[in-house]
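Undergrad: With the hints as extra help, turn the sequences into a complete structure.
Number of protein chains: 4
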Amino acid sequence: MEKTVREQLLPIEKVFRDPVHNYIHVQHQVILDLINSKEFQRLRRIKQLGTTSFTFHGGEHSRFSHSLGVYEITRRICNIFARNFSIKDNPVDGWDDSNRLIALCAALLHDVGHGPYSHTFEGIFETDHEAVTVDIITSPETEIFSILNKVEENFPEKVASVITKQFPNPQVVQMISSQIDADRMDYLLRDAYFTGTEYGTFDLTRILRVVRPYKDGIAFTTNGMHAVEDYIVSRYQMYMQVYFHPVSRGMEVILDHLLKHAAKLYQKDANFFQLHSPLLVPFLENRYTLSEYLKLDDNVLNCYFMMWCEHPDPILRDLASRFLNRRPLKSVKFVANQDEPLIAEMTEIIEKLGYDAKNYTAINSSYDLPYDFYRPNQKSVRTQIELMEHDGSLVELSKQSSLVQALAGETHGDERFYFPKEMYQPASDLFQDDTRLFASYIHNGKIINPNKKSN
Amino acid sequence: MEKTVREQLLPIEKVFRDPVHNYIHVQHQVILDLINSKEFQRLRRIKQLGTTSFTFHGGEHSRFSHSLGVYEITRRICNIFARNFSIKDNPVDGWDDSNRLIALCAALLHDVGHGPYSHTFEGIFETDHEAVTVDIITSPETEIFSILNKVEENFPEKVASVITKQFPNPQVVQMISSQIDADRMDYLLRDAYFTGTEYGTFDLTRILRVVRPYKDGIAFTTNGMHAVEDYIVSRYQMYMQVYFHPVSRGMEVILDHLLKHAAKLYQKDANFFQLHSPLLVPFLENRYTLSEYLKLDDNVLNCYFMMWCEHPDPILRDLASRFLNRRPLKSVKFVANQDEPLIAEMTEIIEKLGYDAKNYTAINSSYDLPYDFYRPNQKSVRTQIELMEHDGSLVELSKQSSLVQALAGETHGDERFYFPKEMYQPASDLFQDDTRLFASYIHNGKIINPNKKSN
Amino acid sequence: MEKTVREQLLPIEKVFRDPVHNYIHVQHQVILDLINSKEFQRLRRIKQLGTTSFTFHGGEHSRFSHSLGVYEITRRICNIFARNFSIKDNPVDGWDDSNRLIALCAALLHDVGHGPYSHTFEGIFETDHEAVTVDIITSPETEIFSILNKVEENFPEKVASVITKQFPNPQVVQMISSQIDADRMDYLLRDAYFTGTEYGTFDLTRILRVVRPYKDGIAFTTNGMHAVEDYIVSRYQMYMQVYFHPVSRGMEVILDHLLKHAAKLYQKDANFFQLHSPLLVPFLENRYTLSEYLKLDDNVLNCYFMMWCEHPDPILRDLASRFLNRRPLKSVKFVANQDEPLIAEMTEIIEKLGYDAKNYTAINSSYDLPYDFYRPNQKSVRTQIELMEHDGSLVELSKQSSLVQALAGETHGDERFYFPKEMYQPASDLFQDDTRLFASYIHNGKIINPNKKSN
Amino acid sequence: MEKTVREQLLPIEKVFRDPVHNYIHVQHQVILDLINSKEFQRLRRIKQLGTTSFTFHGGEHSRFSHSLGVYEITRRICNIFARNFSIKDNPVDGWDDSNRLIALCAALLHDVGHGPYSHTFEGIFETDHEAVTVDIITSPETEIFSILNKVEENFPEKVASVITKQFPNPQVVQMISSQIDADRMDYLLRDAYFTGTEYGTFDLTRILRVVRPYKDGIAFTTNGMHAVEDYIVSRYQMYMQVYFHPVSRGMEVILDHLLKHAAKLYQKDANFFQLHSPLLVPFLENRYTLSEYLKLDDNVLNCYFMMWCEHPDPILRDLASRFLNRRPLKSVKFVANQDEPLIAEMTEIIEKLGYDAKNYTAINSSYDLPYDFYRPNQKSVRTQIELMEHDGSLVELSKQSSLVQALAGETHGDERFYFPKEMYQPASDLFQDDTRLFASYIHNGKIINPNKKSN
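Chains A, B, C and D, in that order, give the protein sequences.
Residue numbering for the first sequence follows the numbering used here, starting at 290 and increasing by one per position.
Residue numbering for the second sequence follows the numbering used here, starting at 290 and increasing by one per position.
Residue numbering for the third sequence follows the numbering used here, starting at 290 and increasing by one per position.
Residue numbering for the fourth sequence follows the numbering used here, starting at 290 and increasing by one per position.
Since the list gives no way to pick out one identical chain from another, each pair is judged satisfied if it fits inside one copy or across any two copies.
Here are the simulated lysine-lysine pairs, DSBU-like style, with alpha carbons at most 35 Å apart: (1) K439 with K619; (2) K735 with K619; (3) K647 with K327; (4) K377 with K741; (5) K710 with K741; (6) K622 with K549; (7) K303 with K619; (8) K688 with K619; (9) K327 with K549; (10) K710 with K688; (11) K647 with K741; (12) K641 with K439; (13) K549 with K454; (14) K336 with K619; (15) K622 with K741; (16) K303 with K549; (17) K735 with K504; (18) K735 with K641.
To be clear, the hints were calculated from the coordinates, so they are not data collected in a lab.
Computed from a predicted structure; not experimentally measured.
TA: Spelled out as structure tokens, the structure:
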């Protein structure tokens, strides 16, 4: 009986037009049902890139569209594995296609627990999208659980175990989560497409031609080395140029201060929020149910920010309005463990001009590790990318590629000090001396010691 | 002094990365200020395509991104006109570049009065986005007015007069509003890009090469005829395949029923809405100010729909949840003035199964006139597209192009009858006879007379 | 034994990187052998677009690349048919995959008999590329025959019968040759890509989604109607804007005159050609073998034209040099059966200025019929395009599409009179009166009666 | 008077449709005349990529199309410099637009001296395309000289001095020739487009936004660092994956052997070549005039190879036919200064099977230095890429970019040993022992010591 559901194929394949993959092909009734579930439809209301669309206005796509993309790449990998590298022909290293539906479900659902502006929201309200993903998949109250549970007993748990990387088949786990997985491949291509940046473009077709299963996971044939290189470089470029863009981070800082300030005000006077932001209250009170979590989305938060523009507290009003009307904090690079005294001096000037430093300045570090090989002693261990020779032997990627070696094991990014834009463009001449002094700390976009400018 | 503002160019041109036009180039301080105004930033929170993204999931872009695109195309036309067809060299037909800033502002702001889900919302609450656009531009309370008013006295009114087509220079008016204007050109390309459909693609670069000013407006050289043809066909294809997609209309029908039902419930019991949908109340009461209008956006409506899922009225709850969770009504084509009796019979079956026909069925006609020549006696007169010969004489497009002639003067589209999807997929076997009867009215996607099926 | 060869798949699929289809996938040893045959490699030395690259400089691709493309589209159709519409499941209308190799070979080889500048060459030397294609496939002397003949007895003849449309299975025939076949689909996309024109772009993926086999050939589901429409319009646009470009035709006219003049000179004095153009001699003598035909290509002709620049005859020298150095004749549109007397007058002026009319003027008509339905009484009968309803019934395309109806059954193109560019730009002032008179016959790119110019 | 010619603009700009840059815009009469000169039209008959199209069949574009592209990129840089960084506003670092026509002419003509299959041909016949370029520009016998000489006295010499890097303005020189110049930018984009490989794609628009003139040449603003990085990586990828492809090099080896063998045979018996390859004779005799050089092109060589298939010498026949019919030598990687003894052993086996090692084996090393900073003591000094800070100070690229640092100063590529494909696929079983022995020297695509295989 369960077997029937697992293998229940749609009489006619259903497709979703997709600008990145052309078509998303849905062949299983289970997948179609999951897409139609209300928990999955909710992802339409959560932007994939958060505040990035304030900088790259095209990047307004949702986690819904990304999730379909991850599913589709996974489906294509399964097809290639099933046709060319089936376990029937390769009993040691081959792909067992009975794992297909688990892989597809995990791919589709891997982000289903994301909330609005996750990056920022999680830090403040101590939510954890991965834990919520597992919850949504395994809680009997969700539509998703009901759909998965019809496949076979414990099917929801199996799907969840792929998300938590505990599923026994490493090929399935690495498809969804590794340094070159369906998730990353889709978001790089998708974010590049929608933002209109070409840096994220790499040759997916070529990568799919050289991907190979082996007993401990997924590898790439040696002659595909340059295609993998290209993917790593694209990833690096997207982080440097899109994800870490200083203006988006300037909006993120405002969002962070806004939510924190609301949380603080709630402690003093809960009434306004209970009346005008009811769906956020469980989070302000730090005790929420899954069902409450699932009611949150970008729309709800943005709608509440609109209401907060009328709140009696001037800082809440101002921060909410800055966020809605895109008035980011400005920033300057600095060198950690060196420029902090200078930042302290700059902060003093900012406060002198009437800005509360807690709400109007910030330190923001954004760093990414483009690639790393396996380092068993580190706390966050990475599955390294393996290249496969003709004879099946494996070589770790950075051993073959000097390009990847240059990026491996070293984080890239920068540290920035954020402050009100007004520090640079004084509304009146009144504070001119102060802003002139402030400006003397900045040269070529970096913090300098104004007394040593000559160097 | 005013002159200074008009000509105030940014020290360094500012650009916005755009996937459709590569870069949006901003050269005037006024334009940058308009983009940064809160009324314009609000367009980020209104989707360009309304319910279409329920069918084409990539189509989640906002009116903000479209408005920048219209501005950019207008800017490029101005550049071409100024360089090659200046009024200095062509005193009769040439372009007077002192109109540039007016054209750019009108292009940027032409959609600034749009509200959430305009198409549906306007029908129910009797708002009018064009009138609001004029209001936003000319009301002293807006940031946009302040910015424009610094340019010169009456500048806001001049910009508004382009929107209302009363500006004396027909070249400026037709750039923004005609059968082949910057608005249409941007939305076809943009909607095609984001939805991932290629039908809307035409050769903008080529069209910009053949566009010419003349004393009564804008024309295209004869040797660019095929480029214009291609644009008309693209437009037709986008309407047929994207804008009129039956599933998006099935969601629009739900939205329409949902808002109407809310309006009706408000008459009976205003309390729930006053508490949980405060920003919508002015519209439910049919008296709103500009400032109230500007607080509405997609986020606010969607947030309220989330609250309505808890309303005591089961139909409101159900419709709200169908909208949020994408449960469109299903549909079938019919022939107007012929199949109505059959629809009445089908509606009876639907009601027999417990669905309120008013809330769960609908007739939806979607028709577009891809192109028409000037017909002075019709109520909605169109500026026809003119081709310009080497010697400057003009010929109307459909006289030269058999392709356009085939599309001219005839509306294209269809009429559909919408009903609950459950009529096709009964949840239980109980109603099987009824649903089987219902199904007998449908053949090849059209309504048929079940008693004459053999024909 | 024969069966073995037919089914002999490559151990690992071989791919060719292709800018239009991304990859060309080769799975059969037979196909790889055919590609490597010397008759097929010869297609690398014959441009797909002849003189068109003199206008669109990017269009320098060869028939080799197009032939691979036709093969690839055919392969994809076979895959779709085999997976979804196999004769096993649809005994009446389904696809019998035992025809696959025949279809693939016919697709790959359908143009293998083309010679250099076919369009022009065939007219002069009475060759026929389709007859040669059949010859190459069925003559025991060719490598292609040897490869095909190993598959099974009479396999070469079967493949040839697809080319001549006599193969019994109409699905195979229509894949390769119908109004919407793999050949046309590839060349439209490929020519558009290489020339950099977007008109030829249509949505191949979508067309492949809606293609269906039925017992009398190939149809398209009704809901794919707009995709087929788009293809027809693209085809029309490519003919109007690329294939019929007046400048390319101006070069074709020169080539035609050059070859004709050489043939005439050969009658008088064969010696020069025997010495300096040996591979062309069999054609100048109008008796050639297959082996001689296969030695000709664009390189050989162009090399000979280089030699002819030294021939004692000044007209041959001049025409050869005009061709190599791209000095096309200029042209003007005219109305057939009306403007001939005016052309006679213009020709007189041309001759008066010393140009031999036979070698330096020409009438060139280029017309295409974008689509037609089946008209049994016409000499060139066309297989009409059929749309398939849900219930399997068929409707002819132009019955459903007003766009196609506008193009159906009517040829599009123009008639042009070609003359030396010098008529417009006199080298000296000596002939100014004559050229001024000549110019008076031309207005807005068309021939006019200079005495009635006022009309 | 000369000034007139220099500034003579076309009444209407002329455009060439280009798939890479959309349109090539020609505004000067001089440029149009140069394009129409016979020396420039000759570039249509020389492929940009030589033997690469044997591997990437789309890469059949000519040097004509590339030269237009280099011109167009240069034109765009001039436009940007003239509008934003004119010497009028920046007397020290600005751009003097009176250099525009020189820059455009040099860009257009920089490759005009290339002959057929330059890479190989030059090695054998001791020609030098750069010297010929200078010759064509400065020799009174050419059309190009005549056109340039009308601009002003010594204008041809000035243009030539840009090619030889002796022109006094370093901005002009670096536009045409530096590590990131219009030449490289065009060929990377163009070769990527035509071959259908995405590796060569970088963001030209972005690079053009960040390019800046300064007194010693051309720099890029610091915030464009990642765009320049991307270009360097693209360049590296194109070399590794396209230009150094082993199969193309296997064809180049054949071409090299073929031409060398012909040169040797000519010494013994000149008659055949004088009769059947007259245009090549000056090169076989090692004394040629410019006019003779200009008659050579790909067509001529390929036509002669066709004739050589009938030469009495079996090796010439065989090599010519291998080249025309694409029968490349096969290859294997080896480690220089280590595997030579093994290659000697392999060569012995090859000779034992009857292949003349000189004509049927080869060593081919292909290395590229993706980027290097200025090293004054090296023989081939490179102009390093400079990044410009806000305050105008310069930093060398690899100092800022760890990615570029990883590629800088180190050549990338490989060394390969080429041998007849038949060594792997014996035509008969006769030599099976030998071929089996031969195969034992190869493992994972590299040469190994068969006696130590276990390692």
